[in-house]
Structure formats: structure tokens, C-alpha cells
Amino acid sequence: MEITEIQSGTVTAVAVKGRIDGATAGPLRDRLSKLIASGLSRLVVDFREVAYISSAGFRTLLIIAKQSEDAAGHLALCGISSEVRRLFEIAAFTDLFLILPSREEAIAELAKSGGS
Amino acid sequence: MKRPASLVYAVDDVPPPHVIAFNAVQHVGLIAINLVYPLLIFHLVGVPLPLIANLLALGMIVLGAATLLQVLRLGPVGSGFLCPATFSAAYLSPSLLAAKAGGLPLLFGMTLFAGLLEAAVARALPRLRAVFPVELSGVVIFMIGLSGGAAGLRSLLAPDAAPMSADEWQVAFFTLAVMMGLNVWGKGMLRMLCALIGLVAGYAVAALAGLLGGGQLGDVEKLPWIGVPDFGHLSWSFELAMALPFAIACLAAAMKALGTITVCQRMVDADWVRPDMRSATRGVLADGISTALAGLLNAVGTNTSTPSVGLASATGVASRRVGIAIGVLFLALGLLPKLTTLLALMPRSVMTSALLFSICFILINGLQVMTSRLLDARRTLVIGLALFAGAAVEIFPVIAAGAGAVWRPVIGSSLVFATVVGLALNLLFRIGVKQGVTLAVGPGRVDPGEIDDFLSQHGSRWGARPDVIARAAFATHQLVEAAESSWRSGPVTLQASFDEFNLDLRLSYRGEILELPEQRPTDQEIRESEQGMRRLAGFMLRRNADGVRSELHDGVATVHFHFDH
Chain V
1 MEITEIQSGT
11 VTAVAVKGRI
21 DGATAGPLRD
31 RLSKLIASGL
41 SRLVVDFREV
51 AYISSAGFRT
61 LLIIAKQSED
71 AAGHLALCGI
81 SSEVRRLFEI
91 AAFTDLFLIL
101 PSREEAIAEL
111 AKSGGS
Chain A
1 MKRPASLVYA
11 VDDVPPPHVI
21 AFNAVQHVGL
31 IAINLVYPLL
41 IFHLVGVPLP
51 LIANLLALGM
61 IVLGAATLLQ
71 VLRLGPVGSG
81 FLCPATFSAA
91 YLSPSLLAAK
101 AGGLPLLFGM
111 TLFAGLLEAA
121 VARALPRLRA
131 VFPVELSGVV
141 IFMIGLSGGA
151 AGLRSLLAPD
161 AAPMSADEWQ
171 VAFFTLAVMM
181 GLNVWGKGML
191 RMLCALIGLV
201 AGYAVAALAG
211 LLGGGQLGDV
221 EKLPWIGVPD
231 FGHLSWSFEL
241 AMALPFAIAC
251 LAAAMKALGT
261 ITVCQRMVDA
271 DWVRPDMRSA
281 TRGVLADGIS
291 TALAGLLNAV
301 GTNTSTPSVG
311 LASATGVASR
321 RVGIAIGVLF
331 LALGLLPKLT
341 TLLALMPRSV
351 MTSALLFSIC
361 FILINGLQVM
371 TSRLLDARRT
381 LVIGLALFAG
391 AAVEIFPVIA
401 AGAGAVWRPV
411 IGSSLVFATV
421 VGLALNLLFR
431 IGVKQGVTLA
441 VGPGRVDPGE
451 IDDFLSQHGS
461 RWGARPDVIA
471 RAAFATHQLV
481 EAAESSWRSG
491 PVTLQASFDE
501 FNLDLRLSYR
511 GEILELPEQR
521 PTDQEIRESE
531 QGMRRLAGFM
541 LRRNADGVRS
551 ELHDGVATVH
561 FHFDH
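These protein sequence lines are chains V and A, in that order.
Anchor point for the first sequence: position 57 equals 57 in this note's numbering, and the numbering is continuous, going up by one each time.
Anchor point for the second sequence: position 162 equals 162 in this note's numbering, and the numbering is continuous, going up by one each time.
Hints were generated in silico from the structure; no laboratory data involved.
A portion of the hints provided could be inaccurate.
Cut-off 20 Å, straight-line C-alpha distance, at most; resulting in silico cross-link-like pairs (EDC-like, lysine to aspartate or glutamate) [to be verified]: (1) V/Lys-66 x A/Glu-530; (2) V/Lys-66 x A/Glu-528; (3) A/Lys-2 x V/Asp-95; (4) V/Lys-17 x A/Asp-452; (5) V/Lys-66 x A/Glu-525; (6) A/Lys-100 x A/Glu-394; (7) V/Lys-66 x A/Asp-523.
Which residues of chain V face chain A? A few of them, derived with a C-beta cut under 8 Å, are [claimed, not checked]: (8) Gly-22; (9) Ala-56; (10) Phe-58; (11) Glu-83; (12) Ala-92.
In this text the structure is predicted, and so the values were computed from the model without any measurement.
Even glycine gets a Cβ: it sits at the ideal position worked out from N, Cα and C.
Could you put the whole structure together from the sequences, leaning on the hints where they help?
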């Protein structure tokens, strides 16, 4: 799995490439937790190049969303493919996150909200 | 059933009268393009103009009755959805063959036969998939387009046809340009009704160029506004040699009706998961009876109108009342001799442009259906050789002339020959395809690519749908991951078996059984414990499959997943 960070004003977009499963969810969680700990709690996770997410990946998203919220920030997701969206649906996770079609829309949405 | 947010009027809703009337007129306008099929058949066999007008009037009455039959749900007949009837391209090529071989009586007799056959097989249709797989349906749809388009072009360009004048070419290009332009760059209703607008524009330009009906245009003025069509000429005949082309067309029409009604089901239910075969087979039965009625009343074969269902989806108006209004409107149009005679005068330049426009969509639909399954070398050869067989008959008609009397019904039609070649190869290539396969993964770190490759390779051999294989791959990956902590020794064994209707997976490992809860664990439970994450995995696995069960025997845990196909 590859993780790339792009800073856009007060919002940090994190582009993930590959699978988010039991082997990769831990490193992703560590990377996102570090960003929040460093004061960057408005996060966009870009799923455009994510082909698969398992229960371990969903757990990571829940943990990061809580950490971000505790730091007065917000988590948004974007670029979710139809197959990954299906996995969000069977996990009953679609209503838990702010999900937007593109990275630009997600960054614009988070830029409007408060927090660092 | 959950009502989708985009639906303004559901099936049982009663919209205001002006909404019903406006929508019914739009649907009739959309369906009008398919009048080109009976017109082309009647023109190519030289039917006199007054008889064409009368046959079109009877055809309108058939479309009205067929739409009402589909909408009203009388006894075991009719899906109950807003799914109007239209004349179908599926019958174009066989109808031309029959009309040329035995005149109108044979055309109508064989249409009656096809309708009765469709009605007879309606209930068995879902089971026919085993011998008539989806990619072969795609070949049939594609060949319907190819053979129909070729027939249209022959009317213009064949050596024995009257040469096209420069004015005719200009009218043909103009008509096609209007249809294409509105379809590509138009918006809303202009785009939706592009074919009807193109037809009207083509008529107008043809009239200005003096190509509309010649001296016969004056006859339209002399006709009464209202008149009942003449039933006096009704006659039928049957020929065994024509049974195969019409049987294949009827099968194609039945499968299309099944697909269109499935689209209706999805449109009105946000919770739709899989087709409801009860309403679908009732709809196919209505479709078959409608084609039989068409044969009885001397019209050509009908089918459910897919563009009409698209219109209902776009407007959000799916009320049954609109369907009833469409039926009544068609019945009324059948009583207008001026209109049907004007339609019968359609210049060949306008007719051919309309035909080519509608054929484009049939060809692409066929390609999409062909490639909707995973294709391996066997299936590639089935599709490729079947298409070549059909194309050979169109390009070299001499093949049919040289065939014996027994083979002529098969080789004489590109549609039939392509279908028969495809069916035969499909049966032949079943030899050596294992329906049950096994893979052992682990112990140690599991390579996800190994599981994906295994399932996609065998999915291609089986001709499984890519979405079902993707669900099976998720089930395997997620189970292997979730069972990791309780996985004691040895590999996880994956056994997969497939037939046209089912994909079953059986995953076994030495370890503890995985819980498959019906309720999702809470967010807190998932965040705070590994057990919560495993329960989420079990919850997802349950929802991912159409059926799931687990068991523990002698320390070996086994999870069975079932996927409908």
C-alpha cells in the first residue's frame, strides 16, 4: 500500500493506493494518527486507487474519525469506486462518514468547517 | 419494497389527468420510431399503399391491446408495470424471410406461431439460461441489429433496387443528422424524442423536395378523419422451414422482455436485490400473447419497449395509469385513417435513416451483453465464430443458395446460422470444464493475488458474472483475514462449484468457528476490541452472500457461502 499526503490550506488529503486489509490497516492508522497528533485534524482520505477494504480497514476509519473529532477536526472520504462502495454498504458504513465524489469537493467541504 | 426518492409517481399512484396525458403522449412519440419495422417489411414485399395503411391501423390496435395486457394484470397475465409494447427488431429479419417466401399470410402465420411459443416457454425461461448463456443472447441481439440493418441497406443499395436520387440522399442524411444531433447534443425532451423529431423533420424536407407520396398524397385528404380498419383480408399460413428463425426471434424477444421487466422492478424499489420471477414471467406471458394477437390481427411481432422504461425512469412517472392511457391512445390512433396513410407514405430515405439510427443502439446493446461475462478462450471462440458465421451469410448469400433443402432454413438466415453455430460450440466446449475446483491457501502470509487469480481464472471458464466473482473473492479474503487469529495449523481450503444458477464456496480451516451476526456490532465495540472487528467481519460476510452457514466438526471449522447467479 502507498500513502501520499497533499496539504491544501488547513485540510490534508491522504491518497491511498492498494488494499486496506489486516496487513495494511495498521500502518495507515499510524500515519493518520500522527497527522492528527501534529495538529492536522481535517483529513480527506482519497479512495480513488483503493480496490478493497476489509473489516480491519473499517475499524481504522472509525478510530481515525473519533481521533479527528476529539481534536475538533473532521474526516471525509472521496473517490470511492462502485465495488468499494458496495463494501461500505454491506458494512452499513455509508451513513457514518462524509463521502464526496472528488478530492476537490471533499477539501472544499472540510475547508468550510471549523477546527485546525 | 422501499420507494426510491427519485420516483414521483409509483406504480399504484394516481397522477393528475394532465400528467397522465402528457406522459402518455411522450411514450407514444418514443415508440413511434419502431413503426419503421412493419413499414420496411410491407414496402420490401410490395404491399399496396391502402393495405399498408390498413395494416398499420391494425398494428396500432395491437400495440394498444398489448400495452393494456401488460399493465392491467388480468389473471396470470401481465407484469403490472408501466412497460408499453412496441414493434420489435427481433422479428424484422425472420419476417422479411417469411414475407418473401410466402407473402403476408406466411408472415402473419409465423408471427402467431412465435407468440404462442413465447407464451408456452414463459415459465421455463429462467431455466433456459443453462443451454442459452448470456453471451449467446448478446450474439443474438447483435445479429438482430446486423441482419436488420443489412436488410434496410439492401432496400437502398441492392443491384435490383431503384437507384437513389441526389434528393433522396440529401433527405436521408438530413433525417439521420437531426436524430443524431438531438441525441448527442440535445437535452431533456428534445433528446428523449430525437427519433420522432427526426422523422417529422425528414417528412417535412421530403415533402419540400417532392418526395412524399407523389400523386398519392392527395388521397390522404380524401380519407375520413375517423374510420375502423378493415378486418376482411385476414389470412395465415405456416411453413416448418420458417419455424427455426421465428423460434430464435421469439426467444430473443422473451429474454428482452424479462430484462425490461427486471429494470421496471429495480426502478420502483430502492431495496431491489434480485429479479422477482413471478412478475417477470407474467410479463413474458403477456408479451407472447401480444405477439400471438399481432399474428391473429395481421401485424408484426411485438415486444416490451426498453426506451419507454428509460423515459419512465428519467421522469420518475411509473404509474400504471399512464400505461392505461398509452394503451387507449394507441387504440384511438388505429382509428385515424389519415394518420396511418400518411405513415404508410414514409419515403424510403426517411425510413432507412430511422432504421439505421435505431439499429445502432441494438448493436451496442448486443456487444454489452456479450462482454457482461468473464470470457475465456472457449467463450471468445463461441462468440467470434458465431459472429463470423452470421456475417458470412450476409456477405456471401450464395452459401444459402448452395445448401440443400434441409439446411437452407439454418443457413438462409444470418441470425439463425449465428445462433445455431454459437449453441453447438457452447455445448461442445462444455467438455473438460470442471464445475468444482479446490485451492489451498497458507499457512503463513496469504497472497491476495493468488485468491483473485484462482477465482477469476475459473470464473472465466464458467462464464460467471464479474460482480458475483468479486463477491466470492471478498468472502474468501475477509474470511481468511478474520479467521487468522483462531487459525491453528494447516491451510485454509477453498472449494468452489458453479452451475449457471449458483456459485457455492466452502472454506475450511482448523480453528475456531467465526461468528456471523445478523446485527452489526456498535461503533464503540468495533473501535475498542479485536473481537468487535471480527464480529463486523462476520456481519459483512453474512450480508455479502445470498446464503451463509458455518459448522465445527472435529476441530475443523467450515463456512459455506452461496451466491445466486
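Taking the hints in turn, this is what the structure says about them:
1. V/Lys-66 x A/Glu-530: holds (17 Å)
2. V/Lys-66 x A/Glu-528: holds (11 Å)
3. A/Lys-2 x V/Asp-95: This hinted pair holds, its Cα atoms lying about 18 Å apart.
4. V/Lys-17 x A/Asp-452: holds (18 Å)
5. V/Lys-66 x A/Glu-525: holds (13 Å)
6. A/Lys-100 x A/Glu-394: Satisfied, since the Cα-Cα distance of roughly 16 Å is no more than 20 Å.
7. V/Lys-66 x A/Asp-523: holds (10 Å)
8. Gly-22: With a minimum Cβ separation of about 4 Å from chain A (threshold 8 Å), the hint on V/Gly-22 holds.
9. Ala-56: Holds, because the Cβ-Cβ distance from V/Ala-56 to chain A comes to roughly 6 Å (cut-off 8 Å).
10. Phe-58: This interface hint holds because 6 Å falls under the 8 Å limit.
11. Glu-83: Nearest chain A Cβ about 6 Å off; hint holds.
12. Ala-92: holds (5 Å)
Consistency note: the structure conflicts with none of the earlier hints.
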